[in-house]
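Asks: These are the residues of each chain, in order.
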Amino acid sequence: MIVVINGESVSLPAQIVSVSDLLKHYELHEKVVVVEINGEILTGTEHQITRLSDKDRIEIVHFVGGG
Amino acid sequence: MLKIGPLLFESRLLLGTGKYPSFTIQRQAVEVSKTEILTFAIRRMNIFEPSQPNFLEQLDTSRYTLLPNTAGAKTAAEAVRIAKLAKASGLCDMIKVEVIGCDKTLLPDPMETLKATEELVKEGFIVLPYTSDDVVLARKLQEAGCHAVMPGASPIGSGQGIINPVNLRFIIEQAAVPVIVDAGIGSPADAAAAMELGADGVLLNTAVSGANDPVKMAKAMRLAIEAGRLGFEAGRIAKKRYATASSPVEGMSIG
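So the protein sequences, as listed, match chains V and E. According to the working numbering, the first sequence is numbered sequentially starting from 12. According to the working numbering, the second sequence is numbered sequentially starting from -14.
Same shape as in the complex, but just chain V (with noise of 0.2 Å):
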């Protein structure tokens, strides 16, 4: 399936079908992430029970240092 991380167009192998599934592909399930998709943005106990489609345009998002 292809979604849209960050504005990038990606390609997901097939065994990702969680909000859960693509954190663990990209090693960030142990980080302070935030995901949004198509603008509904999930708490961490919804990742696991969110489903990803084609076409989900997909931001993670992080804390960084600011004033």
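Among the hints, a few may not be true.
To be verified - SDA-like mimics (lysine to any residue), calculated; alpha carbons at most 20 Å apart, straight line:
| hint | chain 1 | residue 1 | chain 2 | residue 2 |
| --- | --- | --- | --- | --- |
| 1 | E | K59 | V | K66 |
| 2 | E | K19 | E | P173 |
| 3 | E | K69 | V | E47 |
| 4 | E | K69 | V | I52 |
| 5 | E | K69 | V | N49 |
| 6 | E | K69 | V | T61 |
| 7 | E | K100 | E | R66 |
| 8 | E | K69 | V | E70 |
| 9 | V | K42 | E | N39 |
| 10 | E | K(-12) | E | K100 |
| 11 | V | K35 | E | E34 |
| 12 | V | K66 | V | V15 |
| 13 | V | K35 | E | K4 |
| 14 | V | K35 | E | S36 |
| 15 | V | K42 | E | L41 |
| 16 | V | K42 | E | A129 |
| 17 | E | K69 | V | N17 |
| 18 | E | K69 | V | L53 |
| 19 | E | K69 | V | T54 |
| 20 | E | K59 | V | V75 |
| 21 | V | K42 | E | E42 |
| 22 | E | K69 | V | H58 |
| 23 | V | K42 | E | R28 |
| 24 | V | K42 | E | R29 |
| 25 | E | K69 | V | K35 |
| 26 | E | K4 | V | V75 |
| 27 | V | K42 | E | Y49 |
| 28 | V | K42 | E | R48 |
Think of the hints as simulated: they come from the structure by calculation, not from any bench.
Could you slot chain E onto chain V? The hints should help.
Replies: For chain E alone, coordinates are given in the frame of chain V:
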């Protein structure tokens, strides 16, 4: 104690986490500053480099209240979205509303700041809007239900100190919520001056992270803010035009 919404803090110094020379220096600076509130920005992650170091991961988050900002937002809608992204982390309920209306001066957009504040208060956030030193806007933000107002001393990162102490004092006098002077602080004297005017706290970043010795400056800022607060509570003497002797004028063994 500094009380913001339901939260109580010993320290009146809020510290930004941007632009330090290294994470080691940053950790030390945070430690000696004795701050309890750290600001952060929310940005896209580089998913192709998951091992990139991140200051938040090196921090014992149970010791600090995180104050994410909405920096990057130019509209209320964008600020609200960033605030919701930050809250979805489960790490914080506080948000620094920062809606920039001018790229050159980084001064806030007053209308969008007010709109974002109204909406985030409704959503149940603890809302701390960054604002200019506009006295009426500060009052309107307060009426909108914000939990602290954060007027800038001077433009962000400029280090010019307090350029309008008159307005700042008006804002402080009318405020029923804490006033935290945010942005433009350059030196410990600036921070102390803000506290002597009656500010409830100071938020600064570049003044520490950009100093030659950020760790020493973090300590200096902590002491300046403590000194300024004590001075405010003690109540300074009135200024007089002419001298008044400190020593008794009676009983001199001269003449």
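Asks: Now look at each hint and say whether the structure bears it out.
Replies: Quick rundown of the hints versus the structure:
1. Simply put, K59(E) and K66(V) have alpha-carbon atoms about 27 Å apart, too far for the 20 Å limit, and the pair is violated.
2. Simply put, K19(E) and P173(E) have alpha-carbon atoms about 15 Å apart, close enough for the 20 Å limit, and the pair holds.
3. Straight-line distance between C-alpha atoms of K69(E) and E47(V) comes to about 10 Å, which keeps the hinted pair within the 20 Å bound.
4. Note on K69(E) and I52(V): the hinted pairing holds, with a Cα-Cα distance of about 7 Å set against a maximum of 20 Å.
5. The suggested pairing of K69(E) with N49(V) holds, with an alpha-carbon distance near 15 Å, which does not exceed 20 Å.
6. A hinted pair counts as satisfied when its Cα atoms are at most 20 Å apart, and K69(E) with T61(V) qualifies at roughly 18 Å.
7. As the CA atoms of K100(E) and R66(E) are separated by approximately 13 Å, the hinted pair is consistent with the 20 Å bound.
8. Of the supplied pair hints, the one linking K69(E) and E70(V) holds, its CA atoms being roughly 13 Å apart against a limit of 20 Å.
9. Annotation: proposed proximity of K42(V) to N39(E) holds, straight-line Cα distance about 10 Å (limit 20 Å).
10. For the hint pairing K(-12)(E) with K100(E), the CA-to-CA distance comes to about 24 Å; that exceeds 20 Å, so the pair is violated.
11. Restraint check: the Cα-Cα separation between K35(V) and E34(E) comes to about 13 Å, which is no more than 20 Å; the hinted pair holds.
12. At roughly 7 Å between alpha-carbon atoms, K66(V) and V15(V) fall within 20 Å of each other, so this suggested pair holds.
13. Note on K35(V) and K4(E): the hinted pairing is violated, with a Cα-Cα distance of about 30 Å set against a maximum of 20 Å.
14. Restraint check: the Cα-Cα separation between K35(V) and S36(E) comes to about 13 Å, which is no more than 20 Å; the hinted pair holds.
15. Taking the CA atoms of K42(V) and L41(E), the gap is about 10 Å. The hint holds against a cut of 20 Å.
16. Restraint check for K42(V) and A129(E): not satisfied, since their Cα atoms lie roughly 35 Å apart, outside the 20 Å limit.
17. Between K69(E) and N17(V) the alpha-carbon distance is near 17 Å, which keeps this suggested pair within the 20 Å criterion.
18. Note on K69(E) and L53(V): the hinted pairing holds, with a Cα-Cα distance of about 10 Å set against a maximum of 20 Å.
19. Between K69(E) and T54(V) the CA atoms are separated by roughly 10 Å; this keeps the pair inside 20 Å, and the hint holds.
20. Taking the CA atoms of K59(E) and V75(V), the gap is about 19 Å. The hint holds against a cut of 20 Å.
21. With a CA separation close to 8 Å, the supplied pair K42(V) and E42(E) stays within the 20 Å bound.
22. With a C-alpha separation of about 16 Å, the suggested pair K69(E) and H58(V) falls inside the 20 Å cut-off, and the hint holds.
23. Our distance criterion of 20 Å between C-alpha atoms is met by K42(V) and R28(E), whose separation comes to about 14 Å.
24. At most 20 Å may separate the alpha-carbon atoms for a hinted pair to count; K42(V) and R29(E) meet this at roughly 13 Å.
25. With a C-alpha separation of about 23 Å, the suggested pair K69(E) and K35(V) falls outside the 20 Å cut-off, and the hint is violated.
26. A hinted pair counts as satisfied when its Cα atoms are at most 20 Å apart, and K4(E) with V75(V) qualifies at roughly 10 Å.
27. Among the hinted pairs, K42(V) with Y49(E) is consistent with the structure: their alpha-carbon atoms are about 18 Å apart, no more than 20 Å.
28. Annotation: proposed proximity of K42(V) to R48(E) holds, straight-line Cα distance about 19 Å (limit 20 Å).
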